[in-house]
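Engineer: This is what each chain is made of:
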Amino acid sequence: AMEGGPSVRIREGDCAVLKRDEVFKAVSVLRRRKIIFEKQWFYLDNAIGHIYGTTFEVTSGGNLQPKQEVEETTTETKEAGTDNRNIVDDGKSQKLTHDDIKALKDKGIKGQEIVQQLIENSTTFRDKTEFAQDKYIKKKKKKYEAVITIVKPSTRILSTMYYAREPGKINHLRYDTLAQMLTLGNIHAGNKMIVVETCAGLVLGAVMERMGGYGSIIQMYPGGGPVRAATSCFGFPKPFFDNLHEFPLSKVQSLLSGTFTTETLPADSEDNSLVEEESNGLSEEKRTSLQETEEEPATEAPMESNPTEEQDTMDINAEDVEFKENKEKENKENVREKQIKQWERRKKLKEAAALLREKNADGLIVASKFHPTPLLLSLLEFVAPSRPFVVYCQYKEPLLDCYTKLRERGGVINLKLSETWLRNYQVLPDRSHPKLTMSGGGGYLLSGITVVLEKGKFDSSNSEALKMEEPSSKRCKLQDLPC
Amino acid sequence: MSFVEYGDTIKDGDTAIVFLGHESMFPVKVQHGTVTQTKYGVIRHSTDLIGKKYGSKVTCSKGGWVFILHPTPELWTMNLPHRTQILYSTDISIITMMLELKPGSIVCESGTGSGSLSHALIRTVAPTGHLYTVEFHQQRAEKAREEFREHGLEHLVTVTNQDVCKNGFGVSNIADAVFLDIPSPWEAIGHAKSALKAEGGRICSFSPCIEQVQRTCLAMEEYGFTEINTLEILLRVYNVRTISLQIPDLGKAAEDNSSTGFDSSNPSHQGSLCADLQQGTVQFKSGVPLREVVGHTGYLTFATKS
Chain L
-3 AMEGGPSVRI REGDCAVLKR DEVFKAVSVL RRRKIIFEKQ WFYLDNAIGH IYGTTFEVTS
57 GGNLQPKQEV EETTTETKEA GTDNRNIVDD GKSQKLTHDD IKALKDKGIK GQEIVQQLIE
117 NSTTFRDKTE FAQDKYIKKK KKKYEAVITI VKPSTRILST MYYAREPGKI NHLRYDTLAQ
177 MLTLGNIHAG NKMIVVETCA GLVLGAVMER MGGYGSIIQM YPGGGPVRAA TSCFGFPKPF
237 FDNLHEFPLS KVQSLLSGTF TTETLPADSE DNSLVEEESN GLSEEKRTSL QETEEEPATE
297 APMESNPTEE QDTMDINAED VEFKENKEKE NKENVREKQI KQWERRKKLK EAAALLREKN
357 ADGLIVASKF HPTPLLLSLL EFVAPSRPFV VYCQYKEPLL DCYTKLRERG GVINLKLSET
417 WLRNYQVLPD RSHPKLTMSG GGGYLLSGIT VVLEKGKFDS SNSEALKMEE PSSKRCKLQD
477 LPC
Chain Z
508 MSFVEYGDTI KDGDTAIVFL GHESMFPVKV QHGTVTQTKY GVIRHSTDLI GKKYGSKVTC
568 SKGGWVFILH PTPELWTMNL PHRTQILYST DISIITMMLE LKPGSIVCES GTGSGSLSHA
628 LIRTVAPTGH LYTVEFHQQR AEKAREEFRE HGLEHLVTVT NQDVCKNGFG VSNIADAVFL
688 DIPSPWEAIG HAKSALKAEG GRICSFSPCI EQVQRTCLAM EEYGFTEINT LEILLRVYNV
748 RTISLQIPDL GKAAEDNSST GFDSSNPSHQ GSLCADLQQG TVQFKSGVPL REVVGHTGYL
808 TFATKS
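Quick mapping for you: the protein sequence lines, in order, are chains L and Z.
Residue numbers for the first sequence, in the numbering used here: -3 to 479.
Residue numbers for the second sequence, in the numbering used here: 508 to 813.
In short, the hints are calculated from the structure, not lab data.
Some hints could be false.
Here are the simulated lysine-lysine pairs, DSS-like style, with alpha carbons at most 27 Å apart [said to hold, decoys possible]: (1) K355/L <-> K704/Z; (2) K536/Z <-> K546/Z; (3) K131/L <-> K91/L; (4) K700/Z <-> K401/L; (5) K792/Z <-> K365/L; (6) K451/L <-> K560/Z; (7) K139/L <-> K431/L; (8) K564/Z <-> K546/Z; (9) K451/L <-> K569/Z; (10) K412/L <-> K704/Z; (11) K412/L <-> K700/Z; (12) K569/Z <-> K63/L; (13) K704/Z <-> K234/L; (14) K560/Z <-> K355/L; (15) K792/Z <-> K401/L; (16) K21/L <-> K704/Z; (17) K546/Z <-> K518/Z; (18) K401/L <-> K560/Z; (19) K559/Z <-> K451/L; (20) K74/L <-> K30/L; (21) K704/Z <-> K63/L; (22) K536/Z <-> K564/Z; (23) K431/L <-> K136/L; (24) K392/L <-> K792/Z.
Covered by chain L, according to a simulated footprint, are these stretches of chain Z (three or more residues, beta-carbon under 8 Å) [claimed, not checked]: (25) 606 to 616; (26) 736 to 750.
Remember, it's a predicted structure, so these values are computed and weren't measured experimentally.
Beta carbons are placed, not taken as given, at the ideal position from N, Cα and C, and that holds for glycine.
Required output: the full structure, derived from the provided sequences and hints.
Structural biologist: Below you can see the structure in the form of structure tokens.
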């Protein structure tokens, strides 16, 4: 089955996600590879063969051991206070010192036992209310009981992870906003989608997951090549990439005007994606500049092996000459390989161009750091009529402009500017309430549906329908609401 | 046409969406020889619709025009005949993502209701997945079956007419995900667990009241579900408008124009100030929130069986 994806068991070489409470980290499952997660280090070797979703304890030496379901040890005396009128904060309620706790840890005592000792040595624990005791235990468990769950990557997990860990890399696209995009865009198996994103490949991965390997995707990329660091975290099977095409944004205008050729390729996309993967930890600015500097040498690369350069080497000292000669040798060996690669890239580029020229895409998804207006005005040309499009922007103002320009252009209906709010809840007996904090902003969406674009001006005989489209304050009644 | 596969042209038997203007549309079953009345006049299916491209502008008998759109689960949700309260696309989107649905997923749902969520679920799990949906109301179950058939989806869905709380989903150990939108979801958690695959899966329950959520969470914990998480998603729609705000009169113009200074008791003077004020406006584009918005649909509780 095409949508098979990774197996239910953890295998060597898999892309997996580590989870501790609400914190996620994507990793490759490799033997003898030290992993650092939430201030702990361990090896994943022992996890191989277990079912995804298994929870492990970190034992001494950094080994993982499946956590046994333990009966809660709180079966003993259920003694608790009713209020805190007599609880004084003197800083002396815990009889164990920092050194005592460290000693326990160094002895390799299980976290669970440390928590029990902390409870027994707390003079105020018994006076705390039942709820306060519960809270105390939960807090200590979180600190001392190091349990890690290994889960299968999915859009749910990766988009939550990226939003929490590296929101800057995905333009602060919150996961509920991404969910909206996939639904508003009617992403499903069999589609021919156009995707423009500078969200580390997360949006592309989300679209690929929903298409399950059926249909085709044309990713339009800026600079030297598409960034797919997040896409690779999904661990998609190989066939998913068979119908994934890429096309440089810098060639869109020439494709639309009919002057497009594959003679000048943008910088080698493979080299570029490598740079991107390595620069995972770098800031956005640094990444961009790397991407830009990468472009030049890559297009020049085949030239370097050209023997006419010999003269230049005369002035340089011997070491450099030797180095350069070695490099040239290497380059010569690589030339053929590079030429083959170039040829393959041209072929792929031609394929992507041909797909776009059909101008019958089933949708357009944009989530980038660029101003959305020029992207939309150009790329909608490639989309068939009666198909949805969705544009994400971290800010509302560019979408106001985009909305206005799309109205002027025509060929779109049902334009909608929206935002979602997400509120998480704590649900516990007698203690249910919204969580203390919620995200302040997860970006904005402009969505709509394409229709047949009439090149001439709309006939004014039925301007009523157009007017109806422009919402006026008078029409702002309850029945206009989406639900 | 099908809800799970785009087609280019309108065919006899299709369900199409007639788009009249801002959020004003309705579904139509395309049939040779049939006519549809709109406020812009009559649409004759044989000549105006069949064979035309989806997304075309169709001129009605009175000279007015409408657009004919390809159906999607989202458009269907906005236009379907209500037999119950329905779920809207905002909730549906987060449900779909949090349940980790994709092509090939096996999903259990109850109740079927008006089929708003069902269409979206089928769209996402097609072509190799399947939806098992349970509806205890016989007439609604029958109507849903009929709709799925009309929409070319019958091979992707099984509608069962029974009480999910008493009899479960009619399947066991095959589902990747379970969705509950019933008044007492806590009574169906056990059935949900047995419907899910042995190696695990995801569950979601939708409830309008917090008391329902509390009982559901307790039941989920009792049945060993983990990662129990309750959330609420709200949609905010903005109207795009050009706003112009007046520049207040702080007497500046008066001082510049007249040596006598500002004098409010002088009517002729005031007249000239008003003219200045009319010119003194600043225009800008704004996204204006609707005057009244949906503040609550329901709480969504998600959990994992592992």
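Engineer: Can the restraint linking K451/L and K560/Z be considered satisfied, given a maximum Cα separation of 27 Å?
Structural biologist: 17 Å, holds
Engineer: Going straight from one Cα to the other, do K704/Z and K63/L come out at no more than 27 Å?
Structural biologist: 21 Å, holds
Engineer: Are K412/L and K700/Z close enough, with their CA atoms no more than 27 Å apart?
Structural biologist: Between K412/L and K700/Z the Cα gap is close to 39 Å, so the pair fails against 27 Å, i.e. violated.
Engineer: Quickly compare the C-alpha distance for K536/Z and K546/Z to 27 Å and report which way the hint goes.
Structural biologist: 18 Å, holds
Engineer: Is it true that the CA of K546/Z sits at most 27 Å from the CA of K518/Z?
Structural biologist: 24 Å, holds
Engineer: Checking one constraint from the list: CA of K792/Z to CA of K401/L, max 27 Å. Satisfied?
Structural biologist: Given pair K792/Z, K401/L holds - Cα atoms ~12 Å apart, limit 27 Å.
Engineer: Need the status of pair K355/L, K704/Z: alpha-carbon distance at most 27 Å?
Structural biologist: 42 Å, violated
Engineer: K704/Z and K234/L: Cα distance at most 27 Å?
Structural biologist: 26 Å, holds
Engineer: Are K21/L and K704/Z close enough, with their CA atoms no more than 27 Å apart?
Structural biologist: With Cα atoms ~26 Å apart, K21/L and K704/Z stay inside 27 Å; holds.
Engineer: Please count how many residues of the region 736 to 750 of chain Z have a CB within 8 Å of a CB from chain L and say whether that reaches 3.
Structural biologist: Satisfied; 13 residues make the cut.
Engineer: Verify the proposed pairing of K792/Z with K365/L, using a straight-line Cα cut of 27 Å.
Structural biologist: 21 Å, holds
Engineer: For the region 606 to 616 of chain Z, does the count of residues with a C-beta closer than 8 Å to a C-beta of chain L reach 3?
Structural biologist: holds (count 4)
In terms of the numbered hints stated before, the structure departs from hints 1, 4, 10, 11, 12, 20, listed from lowest to highest.
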